[in-house]
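Trainee: Sequence:
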Amino acid sequence: MDDDDSTGHTINEDLRLMGVPGDDEEDLGEERDALRGLGSQGDPIDLAARAGDGDGEGRGRVLGPTPTQMINGVNVRWKARCHHSKGLLSARSSSGTSHLSRHRDGCLKKLGKAAMTQSHVSFNPHGTPRFWEYKPDVACSEMCRLISRLDLPICIAESAAFEEYIRKAHNPRFTFVSRQTTTRDITKYFADHHAKLVESLRTNVSSIAITSDIWSVNAKEDYLSVVIHYVNSAWELEKRIIGLRLIDVSHSGKNIAERVHAVVDEFKFTDKTFSVTLDNASANSTAMTILTHLLSSYVGDMFSHQRWNSTYLVLKHLIPYRSTFDVFIQTHYPKGDGNTPLLTDQHWYIAEKVLTFLEMFYDATCVLSGVYYPTSPLIMHHIFQIANRLDAYENDPLLRTVVAPMKTKVLKYWRDIPLLYSFAFILDPRAKLKGFTRLDCRGHHNLLELVTKELTGKFDDDDFNILNWWHEHQITYPVLSILAKDVLTVPVFTISSESVFSLTGRIIEERRCRLNPEMVEMMTCIKDWEEDEARAQHTVEDKELRFILQPVS
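Quick note, the sequence shown lines up with residues 1 to 553 if you use the UniProt record's numbering.
Heads up, some of the hints might be wrong.
Restricting the straight-line Cα-Cα distance to at most 25 Å, the calculated cross-link-like pairs of lysine to aspartate or glutamate (DMTMM-like) are [stated by the list, open to error]:
#, residue 1, residue 2
1, K135, D192
2, K196, D137
3, K407, D396
4, K196, E221
5, K353, D326
6, K196, E266
7, K316, E359
8, K168, E142
9, K412, D391
10, K188, E266
11, K268, E531
12, K268, D532
13, K316, D326
14, K86, D105
15, K196, D271
16, K188, E163
17, K188, E533
18, K268, E518
19, K316, D265
20, K254, E518
21, K268, D279
22, K268, E238
23, K353, E394
If you anchor each label on the Cβ, the simulated ranges turn out as follows [said to hold, decoys possible]:
#, residue 1, residue 2, range
24, A195, D391, 46 to 56 Å
25, A387, H170, 57 to 67 Å
26, A351, D532, 31 to 41 Å
27, V138, E518, 22 to 32 Å
28, Q330, E164, 47 to 57 Å
29, A351, Y134, 53 to 63 Å
Honestly, the hints are just simulated from the structure, not real lab data. Beta carbons: idealized from backbone N, C-alpha and C, even for Gly.
Please model the complete structure; the sequences and the hints are all you need to start from.
Mentor: Quick look at the structure:
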């Protein structure tokens with residue numbers, strides 16, 4: 001920075017006016033700084049504009065009057081700042097542009113970035129060549145996705161083994177990433193996708209259905225999940241985990257309602273909530289009452305199943321290995337109490353009969369816990385099937401002691417079926433066929449046969465898409481199609497919320513119990529959102545046997 005002295009005149013000023021560098025200490029210092037890419041603090045100007053593109057245009061602009069600015073009565077000279085290294089260089093007209101060009105060509109920061117983003121020839125999966133460019137920001141995002149999707153430790157990117165693997169097999173320029181950096185990257189990745197999800201749902205979704213449940217982990221920490229279900233603009237049913245909050249207070253209805261509402265309000269879904277489904281815990285009745293007042297739209301409470309399916313899955317995996325178990329028992333436990341065999345043919349007969357009895361319940365659970373199709377219009381059909389099955393086994397000498405309490409519990413929960421399920425059943429076009437054949441159609445037998453054949457061919461297809469049907473007929477039924485879009489979104493069970501804890505259980509392992517609740521929520525949500533992109537979200541599956549068999553505390 002130079003100060004013009006109105007009372008003095010030096011030879012250096014004459015040299016500068018002629019475009020020749022002076023020989024005072026400041027000029028010599030600036031020349032040294034230019035060579036090193038250093039400089040004193042000053043207002044930055046565009047280095048690229050000063051240096052030009054090598055065709056002389058930049059020099060022509062520099063060789064004008066010395067760029068200065070009057071600040072507090074002092075004429076202050078500007079400096080040039082490198083976009084890459086942030087170093088300051090002389091911007092004086094007497095300095096020319098050679099030092100700027102030299103710095104541009106030799107800037108280590110610029111060369112380092114160019115090396116990191118250098119393109120290479122690669123090949124697509126089908127064999128065609130393409131240019132591949134390594135980008136550090138993309139690498140960070142993909143690392144966040146990998147850690148969340150595979151439940152990997154956050155510190156994996158700083159391990160020597162991982163660094164060696166990436167360098168040798170994929171990218172020799174890879175450098176380890178610390179746990180702190182990975183944590184910041186995951187936080188940023190979550191925030192970006194959180195904002196995109198909020199904006200997408202705000203503009204494209206008219207209503208949502210909410211399910212919620214509570215889970216206790218090994219660390220004696222309780223988490224509450226909040227899952228939304230909605231129909232997107234393409235009339236496809238989708239599910240998203242939007243919250244997994246630590247409950248460090250009592251599980252009262254008030255505390256449950258406050259946390260559910262906090263998550264819903266955070267996503268600005270208060271005026272979009274069509275229904276809330278909770279399980280049959282006593283505190284949830286109070287929570288439902290509170291949420292009804294907090295959420296503007298209609299909210300109805302529904303009850304979930306009991307976890308009886310663990311017995312079915314044990315038998316399903318046990319019976320195919322009957323001969324193996326027989327050999328094992330006879331070898332290690334040849335006799336039980338009273339010198340009788342520990343495992344007999346009668347035991348296997350009972351197991352097979354119980355398996356057959358429970359199969360319908362398990363199938364109904366699998367169907368009614370689906371993710372990508374409406375389940376609310378199916379509940380009536382399965383209730384009738386279950387009622388008939390219980391009636392058939394009511395007098396069975398082997399199972400009647402089990403069937404009686406099951407029938408009592410079914411009647412307790414489903415004696416008064418929520419009206420919303422009836423609406424969903426009515427909105428299912430397939431339901432109309434049952435009553436149509438019982439109409440008085442005397443004299444119209446041929447018409448009845450023709451219509452029934454046509455409709456049955458369409459609606460008996462297992463791939464029938466009820467949402468797509470309403471989408472195709474929304475012009476014919478403009479009001480009903482909107483109602484169907486809301487009603488058919490409502491899930492039957494809270495099992496979609498329980499499946500959250502299957503994901504979380506793998507995230508919160510004993511070796512990773514130090515994760516704070518915020519990080520647990522972010523990683524759980526990221527994994528769910530990534531699985532949704534691949535349409536890979538599932539609920540009841542055999543692979544979840546380990547989780548289902550965990551004792552409920």
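Trainee: Which hint numbers does the structure go against, in order from smallest to largest?
Mentor: Failing hints, ascending: 4 and 19.
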